[in-house]
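Work the whole structure out from these sequences, hints included.
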Amino acid sequence: MEPVRFTAAPKSSFNWDRPPSDLLQSQLKHFKHLEKKLDLGVDPLLGTRLGTENGAAIYIAAITRALRTRALGAKARSGVAVMPPPRSAAPASEPLTLAASAANAESATNVSDAKTTPEK
Amino acid sequence: MALDRTMPGIQALEHIVVLMMENRSFDHMLGALKAVNPAIDGLDGTETNPDTTGALVQVQPLAEYQSQLDPDPNHHFAAVNLQIFGDPSNGPPLPATMSGFVKSYFNQQQNVAHSHEILYYFTPDKLPVLTTLATEFAVFNRWFASIPGPTICNRAFAHYGTSFGQVSMDVFEFDRKIAAIYDRMQAAGHTSKLFYYDEASSTMEVVNLLQDEPQVFGTFQDFLKACDQNTLPAYSFIEPNYTDHDSPDGDGEMIACDQHPDHDVRAGEKFIADVYNRIRQNPDLWPKTALLIVYDEHGGIYDHVPPPACPKDGFKAPPSATGTMFAFEFDRLGVRVPAILVSPWVKKGTIINDVFEHASIPATVTDYFIGEYPDRTAREIAANTFLGNLSLDAMRPDDDCPTFTEG
Chain W
2 MEPVRFTAAP KSSFNWDRPP SDLLQSQLKH FKHLEKKLDL GVDPLLGTRL GTENGAAIYI
62 AAITRALRTR ALGAKARSGV AVMPPPRSAA PASEPLTLAA SAANAESATN VSDAKTTPEK
Chain V
1259 MALDRTMPGI QALEHIVVLM MENRSFDHML GALKAVNPAI DGLDGTETNP DTTGALVQVQ
1319 PLAEYQSQLD PDPNHHFAAV NLQIFGDPSN GPPLPATMSG FVKSYFNQQQ NVAHSHEILY
1379 YFTPDKLPVL TTLATEFAVF NRWFASIPGP TICNRAFAHY GTSFGQVSMD VFEFDRKIAA
1439 IYDRMQAAGH TSKLFYYDEA SSTMEVVNLL QDEPQVFGTF QDFLKACDQN TLPAYSFIEP
1499 NYTDHDSPDG DGEMIACDQH PDHDVRAGEK FIADVYNRIR QNPDLWPKTA LLIVYDEHGG
1559 IYDHVPPPAC PKDGFKAPPS ATGTMFAFEF DRLGVRVPAI LVSPWVKKGT IINDVFEHAS
1619 IPATVTDYFI GEYPDRTARE IAANTFLGNL SLDAMRPDDD CPTFTEG
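One line per chain: the protein sequences are W and V, in this order. Residue 2 is where the first sequence starts when you use my numbering, and the numbers rise one by one after that. Residue 1259 is where the second sequence starts when you use my numbering, and the numbers rise one by one after that.
One or more hints might be untrue.
Covered stretches of chain W, as calculated for chain V (at least 3 residues, CB under 8 Å) [unchecked claim]:
(1) 14-23
(2) 27-35
(3) 59-70
Distance condition first, Cα-Cα at most 25 Å in a straight line; then the derived DMTMM-like pairs of lysine to aspartate or glutamate [claimed, not checked]:
(4) V/Lys1528 x W/Glu3
(5) W/Lys38 x V/Asp1532
(6) V/Lys1361 x V/Asp1383
(7) W/Lys12 x V/Asp1532
(8) V/Lys1606 x V/Glu1587
Everything labelled a hint here was simulated from the structure, so no lab data went into it. Since the structure is predicted, the reported quantities are computational estimates derived from the model, not experimental observations. No residue lacks a Cβ here, since even glycine has one placed at the ideal position from N, Cα and C.
Structural data, given as structure tokens:
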């Protein structure tokens, strides 16, 4: 059987300045919840640059590495800079809404909404 | 029905790999395959939804790779309720007419013409990887999202067989009475891994697994290496790249390959091909591996099949959580999604008509590797398992199974 050919996405499809989707914002909310709960020692500036996918990715990488380091028992590194510096201007910092909402524990975790009723 | 473990494909099976993509409905991705094989329950082109002017709008084969589903179609519980029942607030006993997709998308931009694009679907030539796998191996006609809602709670069903009462994307922590499939496997002496793409994309299973059990995680590069070195775990779950970002390792630009709108669908095609090819190209691994490609939920995009009822899973989400007038008892499924089972022991052109959902994933893995395991939801226990489709008496020859190449 001949190999089936597919077309890769063109370079123009890549847009690290794209605003985070609802899904990504939720993922960030979960990371914010853990950052606050566990005092991971991640550079607080990273959590304010979440207006783009790349800004979100830099923050997510830092928290992911901190969580893994912490839970695996290694000494946590504070202010982990795991991403290369942005090549262009720094990621837009306008959407501080995630940080703002995460500062509100109720809205960040929505634990009250999360409490559901086990029937068994 | 109990799995027939005397089948050669089952006797050979050592690895189950699940790749879960993002936010596309069955009809959107595979609906056009009905023209290729009428047994595939896709679109015949006459399906319609009313728009907000009252006009009936037909489905059209005009889906594009990117820039069409922007903004991201709403797929939270209330919006999905509108999509399924034509009403954002009330559910059953209203009939599931699947007639509210255009109205739901209109609500986001108040643009009548744009709202019609939620009915657009891909032609097979635009998705050569996904549609080839669907026609060369087994396609599920009735795989549904576990919840008529968004990503994180649906993905929870793939890990735990329940979302612990969640119908949203909210943070939740649970009491661990129901173990994740990775914990079950570990306790039973089997290997398992959840492979996220890289640290910058990470996982959607943040609070309950990444926090406490980072050892169950690996990266996509780890997965590829494991395929090459014959060290693949018994069970692997793969998450795609959720963001356009620079590689944490300095390897350059990493394009999102999750196919979540508005990410380029072609990047997901390549990702699926990369996973498949890596398994397929290792002659020691290929005969021993079953690969399931499935999407977490429909992403607000049209599908014509009404979701069926299902056994309750013991939780109840209150109206404040559903955003509707009613509580949800997890007694019906979400919208249908693409799902494909790949193995050289699967007969070409298999079409599976039984009902599946994401609880079928831990159900299948538990059933195959662990056996009797009572500490899980009634929902998971009742879920169908899919390995019975590895039913050929002999493995398909190498030149009978496709490979994919870029270009």
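The hints, checked one at a time:
| no. | hint | verdict |
| --- | --- | --- |
| 1 | 14-23 | holds (count 8) |
| 2 | 27-35 | holds (count 7) |
| 3 | 59-70 | holds (count 8) |
| 4 | V/Lys1528 x W/Glu3 | holds, 17 Å |
| 5 | W/Lys38 x V/Asp1532 | violated, 37 Å |
| 6 | V/Lys1361 x V/Asp1383 | violated, 29 Å |
| 7 | W/Lys12 x V/Asp1532 | holds, 18 Å |
| 8 | V/Lys1606 x V/Glu1587 | violated, 38 Å |
Checked against the numbered hints above, the structure violates hints 5, 6 and 8; every other hint is satisfied.
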